[in-house]
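There are 2 protein chains.
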Amino acid sequence: MNMTNSHLTQISRHSDDYVSINLGERSYNIWIHTFEESSWSDKVQLPLGTSALIVTNTVVGGLYLEKLVNRLKQFYPTVYSVTLPNGEEFKDSQTLNLIYDALLSNGCDRKSVLFALGGGVVGDMTGFAAATYMRGVQFVQVPTTLLAQVDSSVGGKTAINHPLGKNMIGAFHQPQLVVCDLSTLATLPLRELRSGLSEVLKYGPIADMEFMEWLEISVDQLLSLDPVALAHCVRRSCEIKASVVSQDERESGLRAILNFGHTFGHAIEAGMGYGVWLHGEGVAAGMVMAAELSRRLGMVDAAFVQRLTQLIERVGLPTKGPVLDAADNASRYLELMRVDKKSEAGEIRFVLIDGPGKAVLRTAPDALVREVIDICCA
Amino acid sequence: MNMTNSHLTQISRHSDDYVSINLGERSYNIWIHTFEESSWSDKVQLPLGTSALIVTNTVVGGLYLEKLVNRLKQFYPTVYSVTLPNGEEFKDSQTLNLIYDALLSNGCDRKSVLFALGGGVVGDMTGFAAATYMRGVQFVQVPTTLLAQVDSSVGGKTAINHPLGKNMIGAFHQPQLVVCDLSTLATLPLRELRSGLSEVLKYGPIADMEFMEWLEISVDQLLSLDPVALAHCVRRSCEIKASVVSQDERESGLRAILNFGHTFGHAIEAGMGYGVWLHGEGVAAGMVMAAELSRRLGMVDAAFVQRLTQLIERVGLPTKGPVLDAADNASRYLELMRVDKKSEAGEIRFVLIDGPGKAVLRTAPDALVREVIDICCA
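Chains as they are written, first to last, in the numbering used here: chain X, 219 to 596; chain H, 219 to 596.
Calculated from the structure, these hints are not laboratory results. Model, not experiment: these values are computed from the prediction. We treat Cβ as the ideally placed atom computed from N, Cα and C, and that holds for glycine. A hint or two may mislead.
[Claimed, not checked] Here are the simulated DSS-like pairs of lysine-lysine, each with C-alpha atoms no more than 30 Å apart in a straight line:
#1 X:LYS560 x H:LYS576
#2 X:LYS538 x X:LYS560
#3 X:LYS329 x H:LYS560
#4 H:LYS329 x X:LYS576
#5 H:LYS291 x X:LYS329
#6 H:LYS560 x X:LYS560
[Stated by the list, open to error] On the chain X side, residues computed to face chain H include the following (Cβ under 7 Å):
#7 PRO303
#8 ASN304
#9 PHE308
#10 LEU316
#11 LEU322
#12 LYS329
#13 THR350
#14 ARG353
#15 ALA389
#16 PHE390
#17 GLN394
#18 LEU395
#19 LYS559
#20 SER561
#21 GLU562
[Claimed, not checked] A few chain X residues that don't get close to chain H, going by computed Cβ distances all over 10 Å:
#22 SER299
#23 VAL437
#24 ALA449
#25 GLU469
#26 ARG525
Bound-form chain X, shown alone:
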């Protein structure tokens, strides 16, 4: 973590930057910037509202809540906050109720605006609360992790987990604005930075091999939080995600390619118990498995699988999945994957690489999937 304030000031002067998500009347901007030295009032269009409620967690709240409260006081008559326990294991209906309780006990109404200050868990839960409180209120994402900045805060997917499956209860609900503050990455634990890079890496194989080349060159700079590299990384990731989401907001087809590595990854997360493996760690091992499955189906060559595996390794992410069941590991993976949301009538639909830079959604023979699991777990 060697991002200094002088670095950040430098970005704030040069990197204020917008990416637009075009979704008709639900269009919005992603604002990539740093908090430091910059005033929001002349740069950012916040939704109007009768009050604001900031949702954060114990860790992020300690670092950034006061700062955000002070900023929002310029824009809203009253600013409330609620602090959730930190961690994927709390992304459940019980914790969601803490948000509803805060909204109702503070008398928040249909014109109140929710702010999600935190990572993917806070963003997903706040978004789902906004989707369902009084049948829908406005919300703003203020992602403080790389994973949330490059992926989960963009695109309107909101959800909580159920004991039987990840993100099973949710809604599509677009934010009015996403504010990516790169300076918050300075306080992000290295393990979470790596996990976030996992979601960055996926954009290469599925959509943009030039970006993959750039990542191969820039991986060390990203890990040392070079501000120029980070700004490009976040912007390009958001651009690719914005392009895909604009074409298929509700995931009737194309959008599913953003889940490259996630079918195996979700099985890993669920099988290990939520929070044991980070989301990006499961996705990393899952991408290797999905690439290997693509190879066995004749869609990519061994060199591509190796190249992706090496890049994942350089980021410091796992390239092998865990053994979830010593007796019959492949069956356990298959069982968990059948409840994936992309499954239909128990048929698992994998995001596979159909030549570098292009993804497709398709099924695969169980026997082949078992071989891949056997080889890719340790």
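Fit chain H to the supplied structure of chain X, relying on the hints for placement.
Chain H only, in chain X's frame:
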């Protein structure tokens, strides 16, 4: 309850009838008919799906579940069901979880179709489960109470209650079809039939004074379940609701007029504890209060208030609200009404009658509202 099977067979021959809700790509039909003697296959377009899950409650399930299962087996490879406890007091997140549990443990996927077999509580909860399971699946309303047939099953409002307010957690999610089977009204307790008529009565004052005249003539036939009168009552109610909802699906304005009597009514329901007063009972007393408030604001005359009160009385519904707090009843009502979803920044917005047949949404001075509460409670 004197509706005989021979009556019903007669309706089934003559009263198969559709009302359309025009909402662009979310348009759907309300099919008003009787189960008896009629086959669904050639008359009804059910959404395609990999499986069906019927949600019902202990009371309705005992009467109609087996029949619906058998019908749906013609259309879906697998038909599951889940039976909830009966009553408004179970319209909460805990009971909602029973639906999610059934969906997940049966391996239901994005192409599964939910069926709500029951009254407003079952419909609202099933609709909300459909809105949020895997971020949205299809559902069909099969309302078995008059209240659900004329109001709650139509229009896509779904919700559960929160200890601090009714229907506070919800979503707009339109069904693919509504199947109103008039024969189910034969098993409806009289108190619930009356409660359902409360939602029928509201359509007169807010939109159609001819319908109010017809109701004044037909109230006894409706209470004795005359099939021709019931068919007209359900059809005309659905037509008015469809027209309003088509103009304002997400309640940004006009649609709120459908909540005539509901602001006071929700306060009564919440103040007494959910389930003590039926929804339609609260709405009935609430309509008298809202009419009286309209009169004091010079919008209708005393004769209109008296006429509405008499009709409510003839249906056998309460025309006075309960005393919620012997020490300061008006303050308790106001406190409860401020958390109504139509409130903004603590200002209560009432649906008032601006001349018979026309409703408006507006605020009123607290002092005047207190007078109305004092006079209209006993």
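The hints, checked one at a time:
1. X:LYS560 x H:LYS576: Not OK: LYS560 of chain X and LYS576 of chain H at ~48 Å, beyond 30 Å, violated.
2. X:LYS538 x X:LYS560: holds, 23 Å
3. X:LYS329 x H:LYS560: holds, 10 Å
4. H:LYS329 x X:LYS576: holds, 26 Å
5. H:LYS291 x X:LYS329: Violated, at about 45 Å.
6. H:LYS560 x X:LYS560: violated, 37 Å
7. PRO303: Constraint on PRO303 of chain X not satisfied, violated at 18 Å.
8. ASN304: Hint violated; ASN304 of chain X Cβ to chain H Cβ min 22 Å, cut 7 Å.
9. PHE308: Since the shortest Cβ distance to chain H is 16 Å, the answer is violated.
10. LEU316: violated, 12 Å
11. LEU322: holds, 4 Å
12. LYS329: holds, 6 Å
13. THR350: holds, 5 Å
14. ARG353: Constraint on ARG353 of chain X satisfied, holds at 5 Å.
15. ALA389: For ALA389 of chain X, the interface hint holds, since the closest Cβ of chain H sits about 6 Å away, which is under 7 Å.
16. PHE390: holds, 6 Å
17. GLN394: violated, 16 Å
18. LEU395: Result: violated, 20 Å to nearest chain H Cβ.
19. LYS559: Holds. Min distance 5 Å.
20. SER561: holds, 6 Å
21. GLU562: Holds. Min distance 5 Å.
22. SER299: holds, 18 Å
23. VAL437: The claim holds: VAL437 of chain X sits with its nearest Cβ about 33 Å from chain H, beyond 10 Å.
24. ALA449: At about 31 Å from chain H, ALA449 of chain X clears the 10 Å cut-off, so the statement holds.
25. GLU469: The claim is violated: GLU469 of chain X sits with its nearest Cβ about 8 Å from chain H, within 10 Å.
26. ARG525: holds, 33 Å
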